[in-house]
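Novice: One letter stands for each residue in the lines below.
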Amino acid sequence: MDLAWIVGVFVVAVLGTAVAGLVSKWIDRKVTARVQWRTGPPLLQPLYDILKLLGKETLVPRQARRAGFLLAPVIGFAAACVAAALLWAANIDPSRTLPGDLILVWYLLMVPSVALIIGGASSANPHAVIGASREMKLMLAYELPMLLAVLTSVVASGFTFNLGGLIQSAGAGVAGKITMAVGFIIGVLCTQAKLGLVPFDMAEAETEIQGGVYVEYSGPPLALWLLTRAMMFALMPIFLVTVFWGGFAGGAAGVATGALKYVLVVVLLVLIRNTNPRLRIDQAMRFFWYGLTPIAVVAVILAAAVF
Amino acid sequence: MLAALKRWALKKSPWVYHVNTGACNNCDIEILDCLTPRFDVERFGILLAPSPRHADVLLVTGGVTLQARGALQEVYRQTAKPCAMLCIGSCACSMCIFADGYHMAGPPDKVVREVDPDAFIAYVPGCPPKPEAIILGAVKALGAL
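Heads up: the protein sequence lines correspond to chains A and R, in order. 1 is the number of the first residue of the first sequence in my numbering; add one for each residue after it. 1001 is the number of the first residue of the second sequence in my numbering; add one for each residue after it.
In case anyone wonders, no lab produced these hints; they're calculated from the structure. Watch out, some of these pointers could steer you wrong.
Ranges between beta-carbon positions, derived for each pair [to be verified]: (1) Ile103(A) / Asp1033(R): 49 to 57 Å; (2) Gln1067(R) / Ile185(A): 51 to 59 Å; (3) Lys1130(R) / Ala181(A): 48 to 56 Å; (4) Ala124(A) / Cys1024(R): 29 to 37 Å; (5) Leu15(A) / Pro1082(R): 23 to 31 Å; (6) Pro126(A) / Lys1140(R): 35 to 43 Å; (7) Ile185(A) / Leu1002(R): 41 to 49 Å; (8) Pro126(A) / Val1115(R): 22 to 30 Å.
With a cut-off of at most 20 Å between alpha-carbon atoms, the simulated SDA-like pairs for lysine to any residue come out as follows [stated by the list, open to error]: (9) Lys30(A) / Lys1006(R); (10) Lys1012(R) / Gly55(A); (11) Lys1081(R) / Arg1113(R); (12) Lys1081(R) / Leu224(A); (13) Lys1012(R) / Gly40(A); (14) Lys30(A) / Lys1081(R); (15) Lys1012(R) / Leu1142(R); (16) Lys1006(R) / Leu1145(R).
Covered stretches of chain R, going by a simulated chain A footprint (3 or more residues, C-beta under 8 Å) [as the list claims (entries may be wrong)]: (17) 1003-1010; (18) 1030-1043; (19) 1050-1058; (20) 1100-1112.
Glycine is no exception: its CB is placed at the ideal position from the N, C-alpha and C atoms.
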């Protein structure tokens, strides 16, 4: 692990994830537009949005906790960058990853949601506080089945806790198991909630709490939030593909099939988003705890019993 | 150079916030028409913002009633600058038949200019203006920005 490798991977991963995220955001908006029989925005639209917000004024509400309000997007963005670096490093060279980086990435991917709660709660807006409270409940709801789903993959590949090992064992036939497919589907549904996409967007809910946690953000901090969200929109599919589906490893062919898998997951997320109405927070919690968690527990047990 | 980039990006992605200061709801329906698949203003990067903090353009409909006066000024102050204002409909442009109403505080441009004398304001007349007219007005306003 020399310094050049670390810095190089970090720069490539952050830039690559930002580009992939913005393109995915465009895919999201374009597919949504096509589903609604519209034309939709041009390819560079997400970039225009972020450039525009960077040039605007930053407003901080008078009663807000200034430091928490302005630091939260920076914390979220930093965590997304480090998570990107770890995920890309594992995919570029599966034999060289950190031991136990799955656990590290898992925690880093949780940080943007926590930062969102901090930012929303410190903005002194009742809508944002309701949004933060919903985001917190949603986190409690989806983290449990998501963790069990990831555990399915870990158990199926013989208790491997590093991403490189998971990629290699998926390549060695583990990805074909039924339990892995079940884990993957549960992972996609939890990702939907983690990204705040429509059936589980009660934390921002434009039509009832006016953007919730984001309501008081303007200018560059909002741009940073949008960029973090775009990066998470790329990172979560990459995470799913890496953990359940063999990742991007294996030369040019591996990158090509990996990209195909990635686009498939993104379009799946977008289609789920476009064909479902928003749930109430208690319905979402019931869905994750009583619906998905038992299935995930069974999947983990079956994974241990070689299915 | 940086200012030019800022202006260019603003033209590429104007997010709008809809403020009704006493309209009869007719112009509001036409604004919503612009967002429907038939007219699809997202082609130009126009999105409906959930909060004035996110907005670049305020779409104001109707003459300002005395009750709405403070609210309109507050919303204008809450909008992140640089921002523009689009007065949509005859009432918002010139008050029309409500000009002498005892309950009216004046047209929106006058009310906002009390807060910010340099506010950028464009006008789309009509009762109500067609969605095509609103889109044309928005395009011309962004061109003049």
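Novice: With reference to the structure, classify each hint as holding or not holding.
Specialist: Taking the hints in turn, this is what the structure says about them:
{"no.": "1", "hint": "Ile103(A) / Asp1033(R): 49 to 57 Å", "in the structure": "holds (52 Å)"}
{"no.": "2", "hint": "Gln1067(R) / Ile185(A): 51 to 59 Å", "in the structure": "holds (53 Å)"}
{"no.": "3", "hint": "Lys1130(R) / Ala181(A): 48 to 56 Å", "in the structure": "holds (52 Å)"}
{"no.": "4", "hint": "Ala124(A) / Cys1024(R): 29 to 37 Å", "in the structure": "holds (35 Å)"}
{"no.": "5", "hint": "Leu15(A) / Pro1082(R): 23 to 31 Å", "in the structure": "holds (29 Å)"}
{"no.": "6", "hint": "Pro126(A) / Lys1140(R): 35 to 43 Å", "in the structure": "holds (38 Å)"}
{"no.": "7", "hint": "Ile185(A) / Leu1002(R): 41 to 49 Å", "in the structure": "holds (47 Å)"}
{"no.": "8", "hint": "Pro126(A) / Val1115(R): 22 to 30 Å", "in the structure": "holds (25 Å)"}
{"no.": "9", "hint": "Lys30(A) / Lys1006(R)", "in the structure": "violated (25 Å)"}
{"no.": "10", "hint": "Lys1012(R) / Gly55(A)", "in the structure": "holds (13 Å)"}
{"no.": "11", "hint": "Lys1081(R) / Arg1113(R)", "in the structure": "holds (15 Å)"}
{"no.": "12", "hint": "Lys1081(R) / Leu224(A)", "in the structure": "holds (18 Å)"}
{"no.": "13", "hint": "Lys1012(R) / Gly40(A)", "in the structure": "holds (14 Å)"}
{"no.": "14", "hint": "Lys30(A) / Lys1081(R)", "in the structure": "violated (29 Å)"}
{"no.": "15", "hint": "Lys1012(R) / Leu1142(R)", "in the structure": "holds (9 Å)"}
{"no.": "16", "hint": "Lys1006(R) / Leu1145(R)", "in the structure": "holds (11 Å)"}
{"no.": "17", "hint": "1003-1010", "in the structure": "holds (count 4)"}
{"no.": "18", "hint": "1030-1043", "in the structure": "holds (count 4)"}
{"no.": "19", "hint": "1050-1058", "in the structure": "holds (count 5)"}
{"no.": "20", "hint": "1100-1112", "in the structure": "violated (count 0)"}
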